[in-house]
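**Q** Sequence lines, in order, name chains V and D.
The first sequence lines up with residues 481 to 834 when you count with the numbering used here.
The second sequence lines up with residues 36 to 331 when you count with the numbering used here.
Since the hints were made in silico from the structure, they are not lab data.
Be aware that one or more of the hints could be misleading.
[As the list claims (entries may be wrong)] If you anchor each label on the Cβ, the simulated ranges turn out as follows: (1) D:P109 <-> V:R592: 25 to 31 Å; (2) D:F68 <-> V:S597: 54 to 60 Å; (3) V:G526 <-> D:R142: 47 to 53 Å; (4) V:P504 <-> D:D220: 39 to 45 Å.
[Claimed, not checked] Straight-line distance between alpha carbons at most 27 Å, and here's what the computed DSS-like set of lysine-lysine pairs gives: (5) D:K223 <-> V:K644; (6) D:K291 <-> D:K186; (7) V:K507 <-> D:K223.
[As the list claims (entries may be wrong)] Part of the chain D face toward chain V, derived, beta carbon under 8 Å: (8) D222; (9) D224; (10) A228; (11) L232; (12) G233; (13) N235; (14) Q238; (15) L292; (16) A306.
Here a beta-carbon is modelled for each residue, glycine too, at the ideal position from N, C-alpha and C.
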Amino acid sequence: MAANTDDTLALEIRGISKQFGRFPALKDVSLQARDKEFLALLGPSGSGKTTLLRVLAGLEQPDTGEVRFGGEDFLALPVRQRKVGMVFQHYALFRHMTVAQNIAFGLTVRKRSEKPSRAEIKDRVAHLLELVQLEGLEQRFPSQLSGGQRQRVALARALAIEPKMLLLDEPFGALDAQVRRELRRWLRDLHERTGVTTVFVTHDQEEALDLADRVAILKDGQLIQLGQPNEVYEQPATPFVFDFLGQACRMPGLVEGGRLRIADWESEAPKDAPQGAVEVFFRPDEVAFAPADGAGLAAEVTGVAQRGPDVRIDCRIEGQVMELEAHGPTLPPGVAPGLSVRIKPLRPMVYPVA
Amino acid sequence: MTDRFAAAPIVRPVTDPWPRRARLVEHSILPGFKLSLGITLIYLSLIVLLPLTALAVRPWEIGVEGILRTLTDPRVAAALKVSFGISLAAALVNAPLGLMLAWTLTRYRFPGRRIMEALVDLPFALPTAVAGIALTAIYAPNGPLGALFAKIGIKTAYSPVGIFIALVFIGLPFVVRSIQPVLEDLDKDVEEAAQTLGANDFQRVLHVVIPAIGPAILSGVSLAFARAVGEYGSVIFIAGNLPLKTEIAPLLIVIKLEEYDYAGAATIGLAMLAISFGALVVMNIAQIFLARRGRA
Numbered sequence: 481m482a483a484n485t486d487d488t489l490a491l492e493i494r495g496i497s498k499q500f501g502r503f504p505a506l507k508d509v510s511l512q513a514r515d516k517e518f519l520a521l522l523g524p525s526g527s528g529k530t531t532l533l534r535v536l537a538g539l540e541q542p543d544t545g546e547v548r549f550g551g552e553d554f555l556a557l558p559v560r561q562r563k564v565g566m567v568f569q570h571y572a573l574f575r576h577m578t579v580a581q582n583i584a585f586g587l588t589v590r591k592r593s594e595k596p597s598r599a600e601i602k603d604r605v606a607h608l609l610e611l612v613q614l615e616g617l618e619q620r621f622p623s624q625l626s627g628g629q630r631q632r633v634a635l636a637r638a639l640a641i642e643p644k645m646l647l648l649d650e651p652f653g654a655l656d657a658q659v660r661r662e663l664r665r666w667l668r669d670l671h672e673r674t675g676v677t678t679v680f681v682t683h684d685q686e687e688a689l690d691l692a693d694r695v696a697i698l699k700d701g702q703l704i705q706l707g708q709p710n711e712v713y714e715q716p717a718t719p720f721v722f723d724f725l726g727q728a729c730r731m732p733g734l735v736e737g738g739r740l741r742i743a744d745w746e747s748e749a750p751k752d753a754p755q756g757a758v759e760v761f762f763r764p765d766e767v768a769f770a771p772a773d774g775a776g777l778a779a780e781v782t783g784v785a786q787r788g789p790d791v792r793i794d795c796r797i798e799g800q801v802m803e804l805e806a807h808g809p810t811l812p813p814g815v816a817p818g819l820s821v822r823i824k825p826l827r828p829m830v831y832p833v834a
Numbered sequence: 036m037t038d039r040f041a042a043a044p045i046v047r048p049v050t051d052p053w054p055r056r057a058r059l060v061e062h063s064i065l066p067g068f069k070l071s072l073g074i075t076l077i078y079l080s081l082i083v084l085l086p087l088t089a090l091a092v093r094p095w096e097i098g099v100e101g102i103l104r105t106l107t108d109p110r111v112a113a114a115l116k117v118s119f120g121i122s123l124a125a126a127l128v129n130a131p132l133g134l135m136l137a138w139t140l141t142r143y144r145f146p147g148r149r150i151m152e153a154l155v156d157l158p159f160a161l162p163t164a165v166a167g168i169a170l171t172a173i174y175a176p177n178g179p180l181g182a183l184f185a186k187i188g189i190k191t192a193y194s195p196v197g198i199f200i201a202l203v204f205i206g207l208p209f210v211v212r213s214i215q216p217v218l219e220d221l222d223k224d225v226e227e228a229a230q231t232l233g234a235n236d237f238q239r240v241l242h243v244v245i246p247a248i249g250p251a252i253l254s255g256v257s258l259a260f261a262r263a264v265g266e267y268g269s270v271i272f273i274a275g276n277l278p279l280k281t282e283i284a285p286l287l288i289v290i291k292l293e294e295y296d297y298a299g300a301a302t303i304g305l306a307m308l309a310i311s312f313g314a315l316v317v318m319n320i321a322q323i324f325l326a327r328r329g330r331a
């Protein structure tokens, strides 16, 4: 996925802070995006991701910090001169205009000397409609379209100005799950074709991991981790990131002399593990089951539930009930409620106790 | 926020026993339709239709010829022209000014905003005669503003200008109060989208804000117009009431009544009703057209 990005830095954000009254929305956030990169800003609500996007668009001014795009001081430019295409969660279409008028808006408001001719605008609109697969709908009004169609019109409208950067603020947030998934693939496709540097805000980790070249994870206005989707998923920097990116099982542990001890089970500690009392995190589907006399954490199976190809296995480990997951083939035969087993986390992550 | 303008799907039973066209009234799940409709009709008849019928019947006492004579009387024609012409001018002037006021009140937060907010309603609340006396005191040739205007050769009170001032005064709240809620409801992100697409402030207001609040402006203007046509109290003090020049139609009706010319008074009334009704229809059609463009 990173193949279509080259190493030229496009966007540089340095030390951005922003306060709303007493509430700090962004605290000293710095990050970069390469040319043609698809960057996701991921975080729970209130993490500052939308504020950061609005700073990039020019709709908010940060209190401190610097934003450069292609070397140019972006903060010195007013919104309308930044040439960023913004797509809003609730589409923000002009409802008294037709689809064609909506898409052409950014071109028709240009200064006379830069304004394309009527025929050129018409061509451009037709081309964009084809790109977003809405041919033949140019005379419709937004209210006559479905949510997914509206969002595609909004995207075409943003692309019409040939933006230097595309900013998407939870663009699929108002759509249902089915449409979301379809549009996600389609958006990724569109990005491959247009190659516009894109910053995408979402609170849906699946969406971010699936779509982006790199993911920036924010929490309480701070950047917690930045990396490729598989990096952040496999090497979460903090327990928060681990928890936020997927299901998590957590247990107390102890690291001493290169060995990790959880309850009565001891194994080799992961590289760079902190010494002393730690918290151990592992994914419920990244475990191996072993018979009661094997190696691993002693566990008692309390429930088994088949869910399609996956099986959910409830286990009591050290008095804690955990919902583990196994896929059909990895499930040891004979697992049933009441059985004692051993459970071995395959990739435990170790964090110092907070 | 979900899109408020998305049409709600109409859920219809699958086995609809009646084809849609055969039904005059959509079936409602709410009970009491007949009772509510009955009460509504009786109330409307008593309060609105009955008096209007009386107004429509009365003039015929003097016969068609009498009606024509009354209507072609230069004094009556002049009064109608003054009433409708100046009312329209006042309502139209109130449109941009009212928009500006509504804009200021909704878009900015400043000390004294709430007081301004209350001031807007004052023309509503003030007894019209009080407003008339106040305006006359200020705009009379020896009043502070009247003297000022007199210096540059404009006669304010006791001229059509005075009537215009009074009608602007009483029409203002209608325009402001019609526009304000719609302006408040306008989604911020639509304007932000316009900005990111390169629109300057002027283009943003012209292409995005005004079309969105167009129907509200129109409805405010028609309310202000309707009110101005019927305005009596505040105008008669400042108008001077010179026949053929600054005499308004409602005043002429009162004069006819005082002369016991009931049929004549009703004739003028009927003429006003007809013109007002025509104006209302035109404005409603325009409003429907404007509104439909946005949500067809």
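**Q** Is the shortest C-beta separation between G233 (chain D) and chain V less than 8 Å?
**A** Because about 5 Å separates G233 (chain D) from the closest Cβ in chain V, which is inside the 8 Å limit, the hint holds.
**Q** Let's test the interface hint: is any C-beta of chain V closer than 8 Å to that of A306 (chain D)?
**A** violated, 37 Å
**Q** Could you say whether the range 47 to 53 Å given as a hint is met by the Cβ separation of G526 (chain V) and R142 (chain D)?
**A** Violated, since G526 (chain V) and R142 (chain D) (Cβ atoms, about 27 Å apart) do not stay within the stated range.
**Q** How about D224 (chain D): closest beta carbon in chain V under 8 Å, or not?
**A** Holds, because the Cβ-Cβ distance from D224 (chain D) to chain V comes to roughly 4 Å (cut-off 8 Å).
**Q** Is the interface hint satisfied for L232 (chain D)? The criterion is a beta-carbon contact with chain V at less than 8 Å.
**A** holds, 4 Å
**Q** May I ask you to test the interface hint for L292 (chain D) with respect to chain V, counting a Cβ-Cβ separation under 8 Å as satisfied?
**A** Since the shortest Cβ distance to chain V is 48 Å, the answer is violated.
**Q** Is K223 (chain D) close enough to K644 (chain V), meaning Cα to Cα at most 27 Å?
**A** Roughly 23 Å separates the two Cα atoms, so the pair holds.
**Q** Regarding the pair K291 (chain D) and K186 (chain D), is the alpha-carbon distance no greater than 27 Å?
**A** Given that 27 Å is the threshold and the Cα spacing comes to 37 Å, the pair is violated.
**Q** Honestly, do P504 (chain V) and D220 (chain D) meet the 39 to 45 Å range at C-beta?
**A** 30 Å Cβ-Cβ, so the 39 to 45 Å window is violated.
**Q** Against the 27 Å threshold, does the CA-CA distance of K507 (chain V) and K223 (chain D) hold or violate the hint?
**A** Cα-Cα ~26 Å, so holds.
**Q** Does the Cβ pair P109 (chain D), R592 (chain V) satisfy 25 to 31 Å?
**A** The hint (25 to 31 Å, Cβ to Cβ) is violated, given that P109 (chain D) and R592 (chain V) are roughly 52 Å apart.
**Q** Closer than 8 Å between Cβ atoms is the bar; does Q238 (chain D) clear it against chain V? Give me holds or violated.
**A** holds, 5 Å
Comparing the model with each numbered hint stated earlier shows that hints 1, 3, 4, 6, 15, 16 do not hold.
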